[in-house]
Amino acid sequence: MVSSFSLGVIALLSTMIGTLVGRLGGADEKLVNQGLFGFNSLLTGMALYLFLTGPYHWILSLIGAFLAAIVTAALMHVMKNTGLPVLTFPFVRLTLFTLLISYRLSAVHISNALVPQSLWQWKLDITGPFNLKEGIFTGIGQVFFLDYTISGILLFVAVFWAGWRYGLYALLGNAVALVTALVLGAERSLIFVGLYGYNGILTAIAVAVVFNTSKRPLSYVTGIFAACLTVPITASLHSWLLPFGLPPLTMPFVLSTWIVLSVRKVLPRL
Amino acid sequence: MVSSFSLGVIALLSTMIGTLVGRLGGADEKLVNQGLFGFNSLLTGMALYLFLTGPYHWILSLIGAFLAAIVTAALMHVMKNTGLPVLTFPFVRLTLFTLLISYRLSAVHISNALVPQSLWQWKLDITGPFNLKEGIFTGIGQVFFLDYTISGILLFVAVFWAGWRYGLYALLGNAVALVTALVLGAERSLIFVGLYGYNGILTAIAVAVVFNTSKRPLSYVTGIFAACLTVPITASLHSWLLPFGLPPLTMPFVLSTWIVLSVRKVLPRL
Amino acid sequence: MVSSFSLGVIALLSTMIGTLVGRLGGADEKLVNQGLFGFNSLLTGMALYLFLTGPYHWILSLIGAFLAAIVTAALMHVMKNTGLPVLTFPFVRLTLFTLLISYRLSAVHISNALVPQSLWQWKLDITGPFNLKEGIFTGIGQVFFLDYTISGILLFVAVFWAGWRYGLYALLGNAVALVTALVLGAERSLIFVGLYGYNGILTAIAVAVVFNTSKRPLSYVTGIFAACLTVPITASLHSWLLPFGLPPLTMPFVLSTWIVLSVRKVLPRL
Numbered sequence: 001m002v003s004s005f006s007l008g009v010i011a012l013l014s015t016m017i018g019t020l021v022g023r024l025g026g027a028d029e030k031l032v033n034q035g036l037f038g039f040n041s042l043l044t045g046m047a048l049y050l051f052l053t054g055p056y057h058w059i060l061s062l063i064g065a066f067l068a069a070i071v072t073a074a075l076m077h078v079m080k081n082t083g084l085p086v087l088t089f090p091f092v093r094l095t096l097f098t099l100l101i102s103y104r105l106s107a108v109h110i111s112n113a114l115v116p117q118s119l120w121q122w123k124l125d126i127t128g129p130f131n132l133k134e135g136i137f138t139g140i141g142q143v144f145f146l147d148y149t150i151s152g153i154l155l156f157v158a159v160f161w162a163g164w165r166y167g168l169y170a171l172l173g174n175a176v177a178l179v180t181a182l183v184l185g186a187e188r189s190l191i192f193v194g195l196y197g198y199n200g201i202l203t204a205i206a207v208a209v210v211f212n213t214s215k216r217p218l219s220y221v222t223g224i225f226a227a228c229l230t231v232p233i234t235a236s237l238h239s240w241l242l243p244f245g246l247p248p249l250t251m252p253f254v255l256s257t258w259i260v261l262s263v264r265k266v267l268p269r270l
Numbered sequence: 001m002v003s004s005f006s007l008g009v010i011a012l013l014s015t016m017i018g019t020l021v022g023r024l025g026g027a028d029e030k031l032v033n034q035g036l037f038g039f040n041s042l043l044t045g046m047a048l049y050l051f052l053t054g055p056y057h058w059i060l061s062l063i064g065a066f067l068a069a070i071v072t073a074a075l076m077h078v079m080k081n082t083g084l085p086v087l088t089f090p091f092v093r094l095t096l097f098t099l100l101i102s103y104r105l106s107a108v109h110i111s112n113a114l115v116p117q118s119l120w121q122w123k124l125d126i127t128g129p130f131n132l133k134e135g136i137f138t139g140i141g142q143v144f145f146l147d148y149t150i151s152g153i154l155l156f157v158a159v160f161w162a163g164w165r166y167g168l169y170a171l172l173g174n175a176v177a178l179v180t181a182l183v184l185g186a187e188r189s190l191i192f193v194g195l196y197g198y199n200g201i202l203t204a205i206a207v208a209v210v211f212n213t214s215k216r217p218l219s220y221v222t223g224i225f226a227a228c229l230t231v232p233i234t235a236s237l238h239s240w241l242l243p244f245g246l247p248p249l250t251m252p253f254v255l256s257t258w259i260v261l262s263v264r265k266v267l268p269r270l
Numbered sequence: 001m002v003s004s005f006s007l008g009v010i011a012l013l014s015t016m017i018g019t020l021v022g023r024l025g026g027a028d029e030k031l032v033n034q035g036l037f038g039f040n041s042l043l044t045g046m047a048l049y050l051f052l053t054g055p056y057h058w059i060l061s062l063i064g065a066f067l068a069a070i071v072t073a074a075l076m077h078v079m080k081n082t083g084l085p086v087l088t089f090p091f092v093r094l095t096l097f098t099l100l101i102s103y104r105l106s107a108v109h110i111s112n113a114l115v116p117q118s119l120w121q122w123k124l125d126i127t128g129p130f131n132l133k134e135g136i137f138t139g140i141g142q143v144f145f146l147d148y149t150i151s152g153i154l155l156f157v158a159v160f161w162a163g164w165r166y167g168l169y170a171l172l173g174n175a176v177a178l179v180t181a182l183v184l185g186a187e188r189s190l191i192f193v194g195l196y197g198y199n200g201i202l203t204a205i206a207v208a209v210v211f212n213t214s215k216r217p218l219s220y221v222t223g224i225f226a227a228c229l230t231v232p233i234t235a236s237l238h239s240w241l242l243p244f245g246l247p248p249l250t251m252p253f254v255l256s257t258w259i260v261l262s263v264r265k266v267l268p269r270l
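Chains as they are written, first to last, in my numbering: chain A, 1 to 270; chain B, 1 to 270; chain C, 1 to 270.
The hints are simulated quantities; they were obtained by calculation from the structure and are not laboratory data.
Which copy? The list can't say, so a pair holds if one copy fits it or any two copies do.
For lysine-lysine, the following DSBU-like pairs were computed, each having C-alpha atoms within a straight-line distance of at most 35 Å:
id: 1; residue 1: K80; residue 2: K30
id: 2; residue 1: K80; residue 2: K265
id: 3; residue 1: K265; residue 2: K30
id: 4; residue 1: K133; residue 2: K123
Go ahead and model the full structure; you've got the sequences and the hints to work with.
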């Protein structure tokens with residue numbers, strides 16, 4: 001809310017819409033209270049508000065928030081047999097799908113920031129200023145599309161408030177993702193606005209805290225490993241989505257977490 | 001058959017091939033009688049006959065019809081655990097897959113109508129004549145790749161013959177899809193040849209009639225909602241498939257219906 | 001090993017890494033002994049060593065071999081409900097994913113042989129020398145990325161050593177894939193280095209020998225049919241992957257075998 005009043009209103013309304021759909025639709029009370037419907041709606045509403053433009057983009061964002069709750073329910077059913085959580089997959093899928101509508105329906109306008117490019121004309125340029133201080137705080141902000149240092153600091157405070165483990169793994173996940181991205185030679189212009197860090201944060205928290213109910217000692221290591229893994233996944237998804245001009249959003253978090261949770265069932269010692 | 005004799009022969013032979021594969025292969029009698037094998041073969045045979053060219057395209061169409069029955073069986077097995085019907089997904093998948101073969105095998109020739117384009121050079125042009133009368137009847141024809149008004153009228157008669165509910169939801173599905181496409185600013189050159197309507201028709205019938213065995217009152221509303229949803233899905237799929245020059249076929253119907261059927265399991269009140 | 005010493009070392013180390021991950025991770029002893037972890041690691045290590053360049057590509061290959069065992073475990077869990085084997089799908093998925101990292105991380109360099117191209121500028125040119133003798137022996141070599149005739153002969157000897165059925169179906173699978181590719185007009189420059197044959201070999205062995213425990217008589221015909229099917233699948237995947245400049249690897253084998261194994265459950269007489 002610090003960074004934009006209207007974005008905050010959209011975030012609030014989106015969450016309410018998502019939770020309402022879950023509740024009125026008669027979903028399992030537990031699922032609604034875990035915030036699964038609300039969270040995917042929140043992220044979808046915010047993403048569409050930021051990546052779409054034009055006079056009606058706020059209406060489209062709220063419709064998107066509504067559809068996010070619907071798609072969340074659908075994917076919960078489809079994925080039930082795998083035993084894997086849907087995480088933010090409904091948000092990613094729906095947002096990427098919606099953004100491409102703009103090329104065919106004149107009522108929907110996509111932001112100029114999202115430009116389709118061909119892979120054969122792409123030149124990698126990793127140069128840029130080295131700004132470690134910003135890198136620490138922008139990552140957590142990017143979870144909610146905020147690239148202001150001050151929003152990042154406030155979010156870190158909020159996460160520590162929720163539990164010191166959450167805060168610790170948020171810091172660690174961000175740090176290892178940053179280091180991995182620097183070592184592998186990622187674009188600094190992306191690293192220091194937090195675009196390589198936010199998936200690391202979400203993954204570390206998910207693997208080491210949220211989905212670590214049996215408290216196995218190795219899980220802390222796995223959490224760090226999974227956070228590092230988001231860096232190459234982010235890079236690869238960037239390439240796959242380049243011809244469509246789309247961002248990978250939180251898909252690296254989803255993939256990395258799914259891999260770890262699946263692996264645990266087959267390799268129980270990890 | 002009104003519009004093309006050879007297309008009618010291919011349609012007939014394709015259906016026979018599909019049904020035969022189901023029966024000789026020893027499939028569950030019920031599945032064969034529901035026409036699942038025949039319908040996917042029929043659509044695949046017709047689509048390949050229309051979208052491929054060259055002297056042997058009728059042979060390739062019939063081979064495609066045979067493979068459609070095989071792929072239908074395979075997908076039935078893969079999707080069994082989700083509890084979702086395969087619908088026309090085997091046809092869509094196989095046809096899109098087959099059309100792209102033409103770029104690598106010189107015996108297969110793709111129609112000039114299907115041109116790969118880059119998203120970064122694409123310009124949306126929605127202008128065109130406003131022809132509501134055609135829009136009403138071409139949609140149902142496009143289910144079978146026919147864009148003649150007269151074929152559409154005959155098909156509507158056939159659908160009403162099958163049951164008044166089918167006819168009613170065919171009309172309603174087409175109408176709401178047309179209105180949604182006009183409101184969202186789709187290309188008129190596509191709207192009025194029925195390319196935004198046919199997925200609405202199939203979806204409304206599937207959601208409100210075929211898969212509505214428990215006759216819940218809200219299902220009629222859901223059917224209309226699902227038909228509207230096919231419009232943005234069609235637009236998005238057009239963008240995704242643009243670099244390959246492929247049409248979305250009945251994939252919007254498949255996705256929209258799957259979403260509704262899955263959601264019902266998690267949000268039972270909808 | 002005949003063709004390259006360093007490639008042999010990478011192959012050996014990759015297999016060891018894969019098997020170790022399976023064993024130390026506590027996987028079902030049977031799965032490890034079937035070589036599922038080792039085989040996917042072996043192929044991934046070799047593929048990355050060949051398709052990546054730069055001073056550190058051998059390190060990246062071994063990291064890839066490690067991750068292949070992880071992804072194998074993950075996909076085993078995800079696919080458990082379908083009753084289908086993972087085959088070499090972990091290798092294909094991971095390798096394609098890893099190769100695209102190179103466009104975004106400067107520590108990873110992709111080989112010049114893999115060039116992204118647009119489908120709208122692609123011209124098919126099937127001309128080339130007709131060299132049947134090479135075609136017979138290069139196919140089996142290509143399973144392990146070797147296009148030397150002598151390696152192919154040695155591998156055939158090894159396969160016959162493992163059992164005469166394996167050898168017979170390797171020869172047959174290669175032969176029918178070659179003939180299908182010639183009849184359908186594939187590029188001779190690909191056919192006679194074995195790039196249309198190796199998927200036919202793997203598929204014929206898998207369908208007619210490995211997954212044919214009930215020894216049904218029709219399985220031998222199905223094996224040949226499935227080997228032919230890899231040819232159009234290879235062609236189509238080549239087109240889908242053209243904008244990314246990626247090879248289809250053993251994906252045609254995976255898809256063709258999955259189709260046959262799924263179909264058998266629904267059409268039991270085939």
